[in-house]
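The hints should help you fit chains B, C and D onto chain A, whose structure is shown.
So you can see what is in the structure, the chains are spelled out below.
There are 4 protein chains.
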Amino acid sequence: MSAKKKLNIGVIGCGFMGRTHSNAFRSAPNFFQLPLDPVLKKVSARTAGKAKAFAENWGYESFETDWKRVVESPDIDIVDIASPNDTHAEIAIAAAKAGKAVMCEKPLGRNPGESEAMVKAVEDAGVANMVWYNYRRVPAVTLAKQLIDEGRLGRIFHYRTVFLQDWTISSDLPQGGEGLWRLDAGVAGSGVTGDLLAHNIDTALWLNGNISEVSAMTETFIKRRKHNLTGKEEPVRIDDASAFLARFANGSLATFEATRYARGHKALYTFEINGERASIKWDLHDLHRLEYFDHHDEGRLRGWKSIHITDGDHPYMKHWWVPGLQIGYEHTFIHQVADFLCALEQGKSAAPTFRDGLRTDYVTSAVLDSAAGRKWVTVRGA
Amino acid sequence: MSAKKKLNIGVIGCGFMGRTHSNAFRSAPNFFQLPLDPVLKKVSARTAGKAKAFAENWGYESFETDWKRVVESPDIDIVDIASPNDTHAEIAIAAAKAGKAVMCEKPLGRNPGESEAMVKAVEDAGVANMVWYNYRRVPAVTLAKQLIDEGRLGRIFHYRTVFLQDWTISSDLPQGGEGLWRLDAGVAGSGVTGDLLAHNIDTALWLNGNISEVSAMTETFIKRRKHNLTGKEEPVRIDDASAFLARFANGSLATFEATRYARGHKALYTFEINGERASIKWDLHDLHRLEYFDHHDEGRLRGWKSIHITDGDHPYMKHWWVPGLQIGYEHTFIHQVADFLCALEQGKSAAPTFRDGLRTDYVTSAVLDSAAGRKWVTVRGA
Amino acid sequence: MSAKKKLNIGVIGCGFMGRTHSNAFRSAPNFFQLPLDPVLKKVSARTAGKAKAFAENWGYESFETDWKRVVESPDIDIVDIASPNDTHAEIAIAAAKAGKAVMCEKPLGRNPGESEAMVKAVEDAGVANMVWYNYRRVPAVTLAKQLIDEGRLGRIFHYRTVFLQDWTISSDLPQGGEGLWRLDAGVAGSGVTGDLLAHNIDTALWLNGNISEVSAMTETFIKRRKHNLTGKEEPVRIDDASAFLARFANGSLATFEATRYARGHKALYTFEINGERASIKWDLHDLHRLEYFDHHDEGRLRGWKSIHITDGDHPYMKHWWVPGLQIGYEHTFIHQVADFLCALEQGKSAAPTFRDGLRTDYVTSAVLDSAAGRKWVTVRGA
Amino acid sequence: MSAKKKLNIGVIGCGFMGRTHSNAFRSAPNFFQLPLDPVLKKVSARTAGKAKAFAENWGYESFETDWKRVVESPDIDIVDIASPNDTHAEIAIAAAKAGKAVMCEKPLGRNPGESEAMVKAVEDAGVANMVWYNYRRVPAVTLAKQLIDEGRLGRIFHYRTVFLQDWTISSDLPQGGEGLWRLDAGVAGSGVTGDLLAHNIDTALWLNGNISEVSAMTETFIKRRKHNLTGKEEPVRIDDASAFLARFANGSLATFEATRYARGHKALYTFEINGERASIKWDLHDLHRLEYFDHHDEGRLRGWKSIHITDGDHPYMKHWWVPGLQIGYEHTFIHQVADFLCALEQGKSAAPTFRDGLRTDYVTSAVLDSAAGRKWVTVRGA
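Residue numbers (our numbering), protein chains in the order written: chain A, 0 to 381; chain B, 0 to 381; chain C, 0 to 381; chain D, 0 to 381.
Just chain A, same shape as in the assembly:
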């Protein structure tokens, strides 16, 4: 019905992230005035039944069981990678070589080597690219970025952030295979460091600049688990928990921690930033709120303000409902699609680009090296 230029999307992967991406492509045009009209052209999964059902559910025009057929298709404008981490590099490089714009789930690669090759591929090919660090586009987080950029916090002293879950505490939980590949180091690259801390780090680099050095510790609480693919009990090689001290280039100090053993927390991603003039807190479990303390308020009336981020002058919110009515998790992906398509129409990438993703990988790599070597490690520059 629309007269806009159509943009054909090919999505690789039909899991949890395949759903969030499909929904984002499908819903973005309903809420944002986009310069391009995304079309759910192809989706691929390894098994035909799964791919077919997924395609029908989301309205894809066709499906494939080999991702290469998506990447090679002349019909496809954007290759969107929503498959497990061990497939990111090969697909992204092939897509870039085929001249497609590339969107990739986080983390970029399983290690900086893979990520560097991915960056080189998209930059050599000159194709638009983005990593799905979706939490940047929670309206409250985007507002935090605005406040920092406006200088409202002043000199930053402290950054503290955690990502706490509790879903792997049971020793009966197997590793590997469908829905559980995040426990398989071969597929995932690492445990919570690459899965959860990568989110904390991406946001932190965006809000507070580069991290200079880290001192980390990691732990695997449950040492052996049954592997779903081999059927045998095998050593667990991922990190169940990871924490590190950091110094940022701007002189501020930080603590980072992620775990899947924090009983009572499902996905408690929080950050707090303390500046000379103001402080900010945010929490994924109540993602529609931003906590703000402004030291310039009158003395008697200073306090932490809980801002309900649902007004038209809050980032992204004029596209949604009316004040007081909150949005949720999936909306962050919709915002990301909207921003990417707007950038693409201008021939540009939207942040976080693959190069931004590589910066995060350099930090996660330094964290793992520090934990293994029990020493402070300097973070490579990207």
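FYI, nobody ran anything at the bench for these hints, they're computed from the structure.
The structure displayed is predicted, hence computed values, not measured ones.
A couple of the hints might just be wrong.
For identical chains, the list gives no copy identity; a pair is met inside one copy or between any two copies.
Stated by the list, open to error - Capping the alpha-carbon separation at 25 Å, the derived lysine-lysine pairs in BS3-like fashion look like this: (1) Lys-317 to Lys-3; (2) Lys-280 to Lys-265; (3) Lys-5 to Lys-51; (4) Lys-280 to Lys-49; (5) Lys-225 to Lys-3; (6) Lys-119 to Lys-225; (7) Lys-347 to Lys-231; (8) Lys-280 to Lys-222; (9) Lys-347 to Lys-222; (10) Lys-49 to Lys-317; (11) Lys-280 to Lys-374; (12) Lys-265 to Lys-317; (13) Lys-3 to Lys-51; (14) Lys-5 to Lys-347; (15) Lys-4 to Lys-49; (16) Lys-374 to Lys-225; (17) Lys-67 to Lys-5; (18) Lys-51 to Lys-317; (19) Lys-67 to Lys-225.
Just chains B, C and D now, kept in the frame of chain A:
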């Protein structure tokens, strides 16, 4: 692509509610396994430009400028009324007579007379029907209903509920016309009593049973406002604030209050229920949480528990993401579509039906009568 | 050791309130620079054993078993009434006639008749007097008063307040006698209306001015209980729950509610005031915080601020510890003693005076009349 | 008036801690049935005017300007050290040699060497001793200890704790002298490590057992400040911020952080413990609450419970008021006095003893060493 029976939807109205309904029909099949496949067939608005743009945005097959063409169309299976209150009765009655299933925005009519005629029409025609009291289908509210039905609260002593907004405090705000018809008593029927308290009452009747009698007061703080349609300053005839005491049939006592003059609150719909054994609290500003106090907990460890309603065993939530990731406002409409289509396929209505809506209107009517007469008023039975 | 003029205190009553008052007289001079030096001279209770133990515990110089011996004693400067409600009038009137300053626990009398006689007695005698509505002197509540007096809230639209407890839900709880006289209407005068709502009303009159009229309902959920003094099951004549709508003289609307049947709440006294420019909330369960919303904050950054009332520029707080360290319940009585002694040295009463207490009693009386008569009742002026 | 054995207290120091201790000795007998009757016998401060005024305010029988006269006095049973850190060792050792029971403000010494000598002195002399780590005796914290001891948390995975303040952010604040000795490394020993983290560590050792090793970083944000004693700008030698990673002997991981540069926090001491079966959180800014998550709750109803620690079955609370009425900061010192006197009457020390304090000092020392050496450091056993 789907082999399911298609169900053609005709939506009347392109405002705020037109958007929430359109999104619900469009998204429900992506998240719920529905027995019927809703098709956005027609939409109508009074002006062609608005209707056309809306139709394009949401993917309607065609648009109309006269709602009668939607109601009369043989293609249409469900007539969905998302237009201002003064149009509800006429459209609903026509749709019922045309044998369509009818979904109607709340409140049902502007007064019990209109609502009774609407109930009669759908019951005479034997068509499925529902009123969009969407807050019943916030997962936390549905869980509250489950807990009550399981007898966990025991004898109920108290119900207290408010709906607080602050968007009409400025005396510069005009009344009437596009986006402001809620301030025009002729169109809306009443002020906050029918707009906001109707939500509180619908939920209360569902959770706590019938209300026997009420003592109410209402107030119009700003007595004259410019009317957008006449261009002249005119008396304001809606109630800006409305509060009432109530006795439920089950012997419990209640306080209800709604206002658009509660500075600091955007859409703070809350309720609390105190039972002999347990208590429940909920709050629309953090709709993904339910507060629960269980007196049977060990004495030292009793307290209000904040339940983050994002787990697979919470109502509706297995259809969404993973634990810890919240949904928002629009999802309540999606749930309502899903439930209505499932009921429809069985030849039934889903609650709240028009008759349920009439019960709410009898209470709002008693509230207005009580405030006008400064006396306790018995609520009519529906 | 002090050279200040000594002021001899005679306390009547050794219960819960006897403890809070004794502690207040004993501790106030440690934290406040007072112009007078209070001496715990005499205490009285009906049984000698209880009086003796109490006197020893708190350091009273002597004890009595007949309150008249305290009132008549030439040594006594202040008679402080901490005994059950049915003794207030007789003691206060006798003390006033004896020329003593009189402090009286709330409520003043069991009914306006008693209270009027008490007001007359102290005013005729020209003695300083005060009622122990201690919550006015929670620092957060005093700050609320300051903010209102500074005009920060602007025109007031709404006042809403509750006092929720759950300690009488069990039907096994007897009425009357030691520790349970609050359930005996003969001693207490009324149930939650005089016990709990009196607090809500005193604060409201102070913060928001006079109440013009009320519409109330009351309920006694458990109709018969064993009476501890007779040993027999007897009708319960107090109100277990009481709620009312009110209109203030300033045009604002209010809801008030108190109950001892709100499972999960121990002493949840809260109030919220919505003004044109700002709103305020407070809650006894976190009494060291004040919630404040200022509409004049920049739009994007508006929100409810939680002010931790522990700074030196907060009311009373420079006398305590350092920022961040909270005080508790008993401190409100210490503040009251400090203010009363400062006023007394100037020959004045400190608010709330007996006349202020009578104003509250006129409201509670109107509430009970309204509930009995099922009609709006105009509040008498004091 | 009491027939109990009197116990003469000699307090050294008239600052902030002198006040909290004096109030504790003075009030404890009013609320606790103690086996001994504490008498405020002597207080000392360096200047006579200050000592005299303090003695009069609190009712000490006499005052001194030389602490040795307190320690040597045959009248004194307990020497209580409330003076700056650089005086602790000398006074404590002298008091022990004089056969007095010794209570000492935290931290014990400025470094492990001083603390070891203090432990040796009290153990050689066989005198009762205690360090004023008062936060153990916040009722909510004591309840946490009970829950852990009962095995309710199961295997512990994580401990995280911070102590955040913001009072030294201004570069105009001088160092040293009255009220500011905490900024003078010569007097204080260290900055936030010994002042704030010492509290976090004491509680952690109590709740979670020994810490094996740490990796730390510290920072001094403002490098030079005017010194109040010399009048000249001098280098700041304390740590303004200190954070560390730790491994406990029980295998759990921890993060600790303290700072005086966290804008918006006055004294935000928090800890959270994640066990296999349950988790606990606590926060000094709302010290009367404990947050508790129990995984054994029914799935649908799991959540963090906010327990209002004001009931008679909560630790220490039966001595205070009635449910719902909170206590505050100073009460922790009163509880400590009560426990110490009860232990003393049995000829014992109450925890934390000097040896317990030394354990904390070994951790703070390891933290400072780790930060200086940029390496993991093993904590000495005490």
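For which of the previously enumerated hints does the structure constitute a violation, in increasing order of number?
4, 5, 6, 7, 8, 9, 11, 16 and 19
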